[in-house]
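Participant: On the provided structure of chain A, position chain B as indicated by the hints.
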Amino acid sequence: MSDVADLFAGLVEDIDAVVLFSPAASFHERFVPVDGAVTIVAGEKNTVGADRFVEVPLTFTNVRDRVEFALGAAVENDLIEEGDEALCAVGVFGDDIDTVSRVRADDSLRSGLYDLFMHSRAEPGVIRNVLEVAIDLGKKGQKGKPVGALFVVGDAGNVMNKSRPLSYNPFEKSHVHVGDPIVNVMLKEFSRLDGAFVISDSGKIVSAYRYLEPAAEGVDIPKGLGARHMAAGAITRDTNATGIVLSESDGLVRGFKGGELVLEIDPEEY
Amino acid sequence: MVFGDSIVADVLAFLAQPIVIALATLVAFVVLGYFVGRLNERLLTALNVDAAVEGTAFERTATGLGSSTVEVIARLSSWFVYGIGVLVALYIVGVLEPTLFWQEVTRLVPQLFVAVFVLLVGVIAGDKADVVITERMRSVKLPEVTLVGTVVKYSIIYVAVLIALGQIGVATGALLVLLGSYFFGLVVLSAVACRDLLASGAAGLYLFLNQPYGIGDTVRIGDRSGVVQEVELFVTRIENDGEEFIVPNRTVFEDGASRLRG
Numbered sequence: 079m080s081d082v083a084d085l086f087a088g089l090v091e092d093i094d095a096v097v098l099f100s101p102a103a104s105f106h107e108r109f110v111p112v113d114g115a116v117t118i119v120a121g122e123k124n125t126v127g128a129d130r131f132v133e134v135p136l137t138f139t140n141v142r143d144r145v146e147f148a149l150g151a152a153v154e155n156d157l158i159e160e161g162d163e164a165l166c167a168v169g170v171f172g173d174d175i176d177t178v179s180r181v182r183a184d185d186s187l188r189s190g191l192y193d194l195f196m197h198s199r200a201e202p203g204v205i206r207n208v209l210e211v212a213i214d215l216g217k218k219g220q221k222g223k224p225v226g227a228l229f230v231v232g233d234a235g236n237v238m239n240k241s242r243p244l245s246y247n248p249f250e251k252s253h254v255h256v257g258d259p260i261v262n263v264m265l266k267e268f269s270r271l272d273g274a275f276v277i278s279d280s281g282k283i284v285s286a287y288r289y290l291e292p293a294a295e296g297v298d299i300p301k302g303l304g305a306r307h308m309a310a311g312a313i314t315r316d317t318n319a320t321g322i323v324l325s326e327s328d329g330l331v332r333g334f335k336g337g338e339l340v341l342e343i344d345p346e347e348y
Numbered sequence: 367m368v369f370g371d372s373i374v375a376d377v378l379a380f381l382a383q384p385i386v387i388a389l390a391t392l393v394a395f396v397v398l399g400y401f402v403g404r405l406n407e408r409l410l411t412a413l414n415v416d417a418a419v420e421g422t423a424f425e426r427t428a429t430g431l432g433s434s435t436v437e438v439i440a441r442l443s444s445w446f447v448y449g450i451g452v453l454v455a456l457y458i459v460g461v462l463e464p465t466l467f468w469q470e471v472t473r474l475v476p477q478l479f480v481a482v483f484v485l486l487v488g489v490i491a492g493d494k495a496d497v498v499i500t501e502r503m504r505s506v507k508l509p510e511v512t513l514v515g516t517v518v519k520y521s522i523i524y525v526a527v528l529i530a531l532g533q534i535g536v537a538t539g540a541l542l543v544l545l546g547s548y549f550f551g552l553v554v555l556s557a558v559a560c561r562d563l564l565a566s567g568a569a570g571l572y573l574f575l576n577q578p579y580g581i582g583d584t585v586r587i588g589d590r591s592g593v594v595q596e597v598e599l600f601v602t603r604i605e606n607d608g609e610e611f612i613v614p615n616r617t618v619f620e621d622g623a624s625r626l627r628g
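Which chain is which? The protein sequence lines are A and B, in order.
Just add 78 to the spot in the first sequence (first one is 1) and you have our numbering.
Just add 366 to the spot in the second sequence (first one is 1) and you have our numbering.
Just so you know, the hints here were simulated from the structure itself, not pulled from any lab data.
Treat the hints loosely; a few may be bogus.
[To be verified] Take a look, some chain B residues computed to stay more than 10 Å from chain A by CB distance:
#1 Phe401
#2 Leu453
#3 Gly460
#4 Phe479
#5 Tyr520
#6 Val527
#7 Leu528
#8 Gly539
#9 Val554
#10 Gly580
#11 Gly582
#12 Val594
#13 Ile604
[To be verified] Partial selection, computed: residues in chain A whose CB lies under 7 Å from chain B:
#14 Arg206
#15 Gly235
#16 Val284
Given the structure is predicted, the values throughout are model-derived calculations rather than measurements.
Heads up, the beta-carbon is just placed ideally off N, CA and C, and yes, glycines get one too.
Just chain A, same shape as in the assembly (with noise of 0.2 Å):
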């Protein structure tokens, strides 16, 4: 005898932690938790005023990714163990919680989107602001025509040192900081340019215009992707970086750390 109460018996059966994506507050607090499991919330900013929360600073459409993300977040901090099996609720059609799924936080969980964001070198925060110009362009495009660009984020001072300017560089003295709305907009004027930004751990624009030259041994990207990916590549294994790329020919953003390609994200589904 097999109905959907015990399909949702063994979803709930023997778990962990339960994870709870942006609930709404009367929600929250009519939530009685589960014997043996601790409670989380995951969100943008904890407005419910949870014990335990875990914040995701992107809004992911994929709800894979915003799993990936809190569960990665969570171990991080130590509100679940490795190997935990979580329950997650998230709202998928709408902004209500709509779907649940049981998913295991090993290994696989921890890589890629979490460790960009708080692995990096430089700020979260920095890194979600670049990100975000990075995902803007990549839906607009430099006036309507498809663009392509390349952010160096951390590690400023090695990045300059492996890297040559191509012409003036239009941040030299200059205090302009990632985030600032008028500095996004500038940010996309320069993209025509050729050459990558560089930008420092503080999210200070050090320059553009910069042709990075670092040893590309051993860099380990897909076939196919083009120039400026494996320069992406190469700089963030030869240095501490974080490197962002905006394809010109596919329009996604794609993140790099250590070599590797550790996100990818269509500018399309934000």
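Facilitator: Only chain B this time, still in chain A's reference frame:
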């Protein structure tokens, strides 16, 4: 014609009675007061005072009583004009003899009004300062940090109370001495505590404006050398073989910095 003349004379005689003049004056002052209040309300709204006082305890109390800060201040100015009107009217009727006592009262009323106004502004400004400081310091996860806002708030209110008391002629000498020593202590303490910070900040300003070295340059500051990773207002971060030095900017001025060209 005689008939008409007498009516006019009667009317004039009636109008010349002190009580009628007094009433007319009162009405004039009430109208004036009303318009002054309205004008003030408009002015304060145009100056965005209602937005500025948002979140203060005073505004919350006013809202709780079905009013707002702007309205309270506008009403206050209206009532001030009404009060003058009443006094003037009473003089005209002759109820009030121009004795010394009443002269004093007439002199005191405007001062009292100013005192109340200063007190109001002080309380609101103190509240606002508290709100702004607490907001700014929200990222500092330290419970005691709310103390800073409270201290600033009560300092502002204290000064406002002093001014108000000074307005109505209360002797505030001792309180002034207290205020003086308080500020003296504050200035001396912060000067001593922030000496290094101020020196570094001034040096950092020079580094920002002139940029003798930038991110990516190899420099030696004092006995530390490495690649510049970040130039901030107070410190310069230089890195050498995985070791990151956080050098206060004042060392750049004290010991000098050398750029190493490789």
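Participant: It remains to establish, for every hint, whether it holds in the given structure.
Facilitator: For each hint, the structure was consulted:
no. : hint   : verdict
1   : Phe401 : holds (43 Å)
2   : Leu453 : holds (56 Å)
3   : Gly460 : holds (68 Å)
4   : Phe479 : holds (46 Å)
5   : Tyr520 : holds (30 Å)
6   : Val527 : holds (38 Å)
7   : Leu528 : holds (41 Å)
8   : Gly539 : holds (49 Å)
9   : Val554 : holds (33 Å)
10  : Gly580 : violated (8 Å)
11  : Gly582 : violated (3 Å)
12  : Val594 : violated (5 Å)
13  : Ile604 : violated (8 Å)
14  : Arg206 : violated (16 Å)
15  : Gly235 : holds (4 Å)
16  : Val284 : holds (5 Å)
Checked against the numbered hints above, the structure breaks hints 10, 11, 12, 13, 14 and satisfies the rest.
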